[in-house]
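A.B. asks: Here is what each chain is made of, one letter per residue.
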Amino acid sequence: MHSELLMKYFKFFNFFILLATLLLAGCISSTNSRHPVSSMHSTRKLAQDLIEQDWHVFVRFPWSRFRERISRDFQPDKNVFVNNAQDALASAVPVSLSFTVDKALTNDEKLAVTITWQRKIADRNTGDLTLDEGKCTIVYLKEAMGWRIYQVQGSSIFAF
Amino acid sequence: MWTHPLLRIFFFVSCFLFVYLSTPQAAEVYYFGNASSQSSEFNQKYSLKERLTDIFDFKTGRQMAERSGQISGSILTQIDYAQVSGNRSKSFLNNGWDYLSEINLNLQEKLWRNYNLEGQLMLRKTDNPRIEPRRDVRVKEYVLKIMNPDNLFLYGDFYTELSPFTLSNSLEGLTAEIQPNESLAMKYIVARKNAADEAAGQYQRNVYGAKMDTFLFTHSPAISKARLGVQAITFQDDSSTLARTSSLEDLKNSVFSFDGEFSFTRGFSVNYEFARSFYLEDEDDADLKDQSSGNSFHVAPQVQWRDTMIRHVYNYTQPDFHTEGGSASPDKIQHLTTLDHRFNRQAALSLMHNYYWDHLAGSSLTKRTIYDEKTVSLNLVPIAARESLRTRWYTSFNIRNSDDQANSAESETLTLGFALNDQWRETDIGFSYEYRAFNHEADDSQNDYFNRFGITLSREYDVFARRLYLSMAPSVDIRRTKRDENKDVNVNMSFSGQYDLMDGLLSRFGHNLVDSDNARPDSDYMNNRSYVEFNWAVGKEKDMHLVLRGDVNRYMHEDGTLNYKEIQTVLKCILNF
Chain L
0 MHSELLMKYF KFFNFFILLA TLLLAGCISS TNSRHPVSSM HSTRKLAQDL
50 IEQDWHVFVR FPWSRFRERI SRDFQPDKNV FVNNAQDALA SAVPVSLSFT
100 VDKALTNDEK LAVTITWQRK IADRNTGDLT LDEGKCTIVY LKEAMGWRIY
150 QVQGSSIFAF
Chain Y
0 MWTHPLLRIF FFVSCFLFVY LSTPQAAEVY YFGNASSQSS EFNQKYSLKE
50 RLTDIFDFKT GRQMAERSGQ ISGSILTQID YAQVSGNRSK SFLNNGWDYL
100 SEINLNLQEK LWRNYNLEGQ LMLRKTDNPR IEPRRDVRVK EYVLKIMNPD
150 NLFLYGDFYT ELSPFTLSNS LEGLTAEIQP NESLAMKYIV ARKNAADEAA
200 GQYQRNVYGA KMDTFLFTHS PAISKARLGV QAITFQDDSS TLARTSSLED
250 LKNSVFSFDG EFSFTRGFSV NYEFARSFYL EDEDDADLKD QSSGNSFHVA
300 PQVQWRDTMI RHVYNYTQPD FHTEGGSASP DKIQHLTTLD HRFNRQAALS
350 LMHNYYWDHL AGSSLTKRTI YDEKTVSLNL VPIAARESLR TRWYTSFNIR
400 NSDDQANSAE SETLTLGFAL NDQWRETDIG FSYEYRAFNH EADDSQNDYF
450 NRFGITLSRE YDVFARRLYL SMAPSVDIRR TKRDENKDVN VNMSFSGQYD
500 LMDGLLSRFG HNLVDSDNAR PDSDYMNNRS YVEFNWAVGK EKDMHLVLRG
550 DVNRYMHEDG TLNYKEIQTV LKCILNF
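Protein chains in written order, with numbering that gives the first Met the number 0: chain L, 0 to 159; chain Y, 0 to 576.
Okay, chain Y solo, but in the shape it has when bound:
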């Protein structure tokens, strides 16, 4: 399980610290909460009869504060019919009926002291291969957790984080978050990232990890946060979960890191992380026995002074740094500086300079590429008396340069534009324009220049004492290249609306048009998609929704063999209980 010796040491040290630091309340941590949770409100005692009555009470609608437990959830049943004609290879749909059933269940129960139990389960069954490749009942999500304000014990699906370099992932398994006192917090993970999958060609990937945070100066008036953290994670493929074949990789990756945050109540803050990784792509490959290792470092100081904020981020990641569960850009040094300043209620400026390069020592790249990016953005309310009129002006200039003889990666990208939003006679209005020029210095044929225009209009009306909402968003995108003197013109027009036909019965409708007039001969096309939907909330409490929807999609290309038409009808029933 704890394959790396350092991981084992870290695990035992963190367990020892946990036992040592939480000894005075050890029994309470597991069974009765702890000292820091004493201030929280305790649950009242309930008899078994009361608990059973409460949990199966679907009638009174009492809130959780007034009962010991509750079951709630929703059931979805959907039937849809699709008809595709023309070139069917251009459609995801298949002719005929598809079915989908989903059940969501939630369970809440008050336990001893201030501990509560929460459970969630989601089941799905469908014959639609776009949604599920298998037709049996699938457990898509489940979780069972016992928690109080300080501690959490969870089994099932969960999203968890240790630190940016080590772990931020959705996992399935066990986790515990324990806070013995206000100066210490710990997290343990025993889970898997994915199950064994023959089709995807992967073994079950097991995940073991732990984290410990110490909080300093917790009562200082000048320091709002001072945290020191240490964490370790290991990803280990379990090659016993599938029959061994030479094509499957048996991966092993461990990452250790220490990080911290320090913030004064006002003025200055900084966060940092240093990590080291160990990576073996395939343990079973006799030629790949050498484990690679690499370091990564991140620091981000920030200064806030009156209405000005300056932040600098420095990232350094070696080419051999590998993190399976965290985030990092290997083979990169980055300096990112941002400055935000608010002049007054009407004007705010933002500047950003991002400078980074690759091809560090040990890199497998053949050349170094240097990126230099600058952006300026200004938010302006031009007329003080008219706050609804807001404008945004922006520009960015990105330069890419490579140190090879041919300068093969050298390019420049310029973007500039503005957006305007206002409200005029109860109509929301938006207008935007953007120009983008991409110049590839080594190869002119890759250059392209875009002019984009967009308008949005939306308004509510009162028609026969019912609400009618209409919205429209046309846009045009004109592209010019060095390859052709003609231009590509793309027109996009979307229109949507909603009308309350009667109490509990809503209608929605819309149309979207994409019309492309391309410079290249015989390549023009048009795509029209329309829909109408009726949503009926049934019953006095609107617990059930019946939804009927019709969709028509037609794609027409100058080359008639590509044309197709899709018609889809969906009947959906959703019941909340």
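Next comes chain L alone, as it looks inside the complex:
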């Protein structure tokens, strides 16, 4: 009973935040200002885009293209990482990935993105779906050709 009541209050609170946001937006927009886009917001957006791109390349997996997305200095071993990804794709078909960016931290030329993810993969033999969940930190290194994966800590989205 108490939990239902709490849920109602919680839902009301979220609607209130939405309304407040819209009102605030109205006030700010009417001032005709030039507001900078939040740096934290843009870092998180970049992190989200990079992971989506890398997942897309992984799913289609021309070997050379996925290899290109991994930094030459990948820690601890680029070849082991790429070979494991190739073996994973031989064992199952990735169907979908959804994730939420928890942290996106930058340091010099690195971007460390911590995500909580949910993934569906289909067994190659039976077609049955397996649902996995995990948390990992993907570290990107900024190189001349763009952002490249430098390290994957925790439960990797590229390993089944």
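Certain hints may be false.
What the hints assert, rightly or not - If you only want the chain Y side, here are some residues facing chain L, beta carbon under 10 Å, derived: (1) Gln43; (2) Ser71; (3) Gly72; (4) Leu75; (5) Asn105; (6) Ser167; (7) Gly325; (8) Trp392; (9) Leu415; (10) Asp427; (11) Ser431; (12) Arg482; (13) Ser522; (14) Tyr524; (15) Val531; (16) Gly559.
To be verified - DEER-style ranges, computed between Cβ atoms: (17) Glu117(Y) / Glu67(L): 27 to 35 Å; (18) Asp107(L) / Trp423(Y): 36 to 44 Å; (19) Ser97(L) / Arg465(Y): 28 to 36 Å.
Just so you know, these hints were derived from the structure itself, not from any lab.
Glycine included, every Cβ here is placed at the ideal spot set by N, Cα and C.
Got chain L sorted already, so can you dock chain Y onto it with the hints?
C.D. replies: Frame of chain L; chain Y shown alone:
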């Protein structure tokens, strides 16, 4: 705190060196910058009134160069509704409404001399268990830093590195990076890797570390970089952060290393690291009182001569080497050689040979496995007059061999393929083919052979004076095994587009199909996912975005009990200020 005697010595030596080397400017380091920062531009002085006016000025849109401080950020509010029917155990979604609110705040403020303050905070509240297991307001990320071009003092969440073997991790706590002069740089860390978590079964893991780098020949015309570094890190579980139970491990791990980089302006460079680790899996376990220790060494010389680059990497890591915050592959010796050569603007070749093995002295493995991997890759522009036409040809051959009687790990993997990209009549075209053969010598039933084909097409159109972008990427993946004469055929078809409906109103749409025709009876399936999204940038300055998105996902299997359907609608409001 500094549990290992060597760590204590290192800490005191680095503190002494810091005080000694920075004495002439000691006061300035903390309060007024230092000699090397004199050349940097100093902040002008602001009155308190000016500072308050600037920081709460959301109207004029002045850039940071024209003001003393600024608050910016974004607010996200999202409501989504999901409906799942069929076999719900195959879906992550739950029927009903979910809410998500996020606030990002950034603070910038000019301080004394050339010091600046930056703060960031991200809060999240949601009832969606896929995003957060708890429903209260969560501080997901926060940081407060004071810095100038030479020094940084930071409190909060940060990603930091000392060296590959010692530390490269996201931490929470305090760090200071100090550069007293151009020949010396230091870093100190007092933080935690994770908080105590009863559900995950872990104590709070504290992290203490320090690093010192010396830069030599800083003004030499022939040497671009000469760095000598020494660092130490310790990870220590704090068993007082949770009620003690026998199932929780009380870990202790310390790693010391020295490393360096040396590069001539042209021709040759080398980097190296030697590390020693001390590891105790569980301090509270009476049977595990012996601390293990191990060494790791890495060296990578590189020669560049005209359009040719050769690099060799040697790694040696003992089985007992353990690093909690860094990266290493224990029980391994590796030789990795790469050669890159550019013939001309049209052709570039890359060769790689990777040879490594395990089962070193002290290993717990029962047999040695040797890996021998070779790859060749050629980038070619076949027609000089048509630079948009680019091809890549590649092959790799991996051999795995084990020294046990049955040769149980012996296998060969061959991959070869090519990719082609071009632009024809404003359409971007891509085609790729890849063949992969895996042969397990001891067990034929594990063999499999893949043929993969992929096409990408994308083009922009002008429809009713608005931009329409369409992209399509079909691919087929055919797999053959020794277990079945039939083949598995997987077809993947993704289609997406974007159309600017009116000024500030974007539409996005897409469809993805996975159709699998498997060799095994009653195992075919099809997955269809479609979405459409409208993104409306509200206001003259487009500060606010209202996003409405609909998703439908349907999975159909020959075994009807596995079928399910998901419908999801999302309304999102993002405000940047």
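A.B. asks: Against each hint, give a clear statement of whether it holds in the structure.
C.D. replies: Against the structure, the hints come out as follows:
1. Gln43: violated (21 Å)
2. Ser71: holds (5 Å)
3. Gly72: holds (5 Å)
4. Leu75: This interface hint holds because 8 Å falls under the 10 Å limit.
5. Asn105: holds (5 Å)
6. Ser167: Hint holds; Ser167(Y) Cβ to chain L Cβ min 6 Å, cut 10 Å.
7. Gly325: holds (8 Å)
8. Trp392: Holds. Min distance 9 Å.
9. Leu415: holds (9 Å)
10. Asp427: Status violated, d = 15 Å.
11. Ser431: Hint holds; Ser431(Y) Cβ to chain L Cβ min 4 Å, cut 10 Å.
12. Arg482: Because about 9 Å separates Arg482(Y) from the closest Cβ in chain L, which is inside the 10 Å limit, the hint holds.
13. Ser522: holds (4 Å)
14. Tyr524: holds (4 Å)
15. Val531: This interface hint is violated because 17 Å lies over the 10 Å limit.
16. Gly559: Since the shortest Cβ distance to chain L is 13 Å, the answer is violated.
17. Glu117(Y) / Glu67(L): 27 to 35 Å: holds (34 Å)
18. Asp107(L) / Trp423(Y): 36 to 44 Å: holds (41 Å)
19. Ser97(L) / Arg465(Y): 28 to 36 Å: holds (30 Å)
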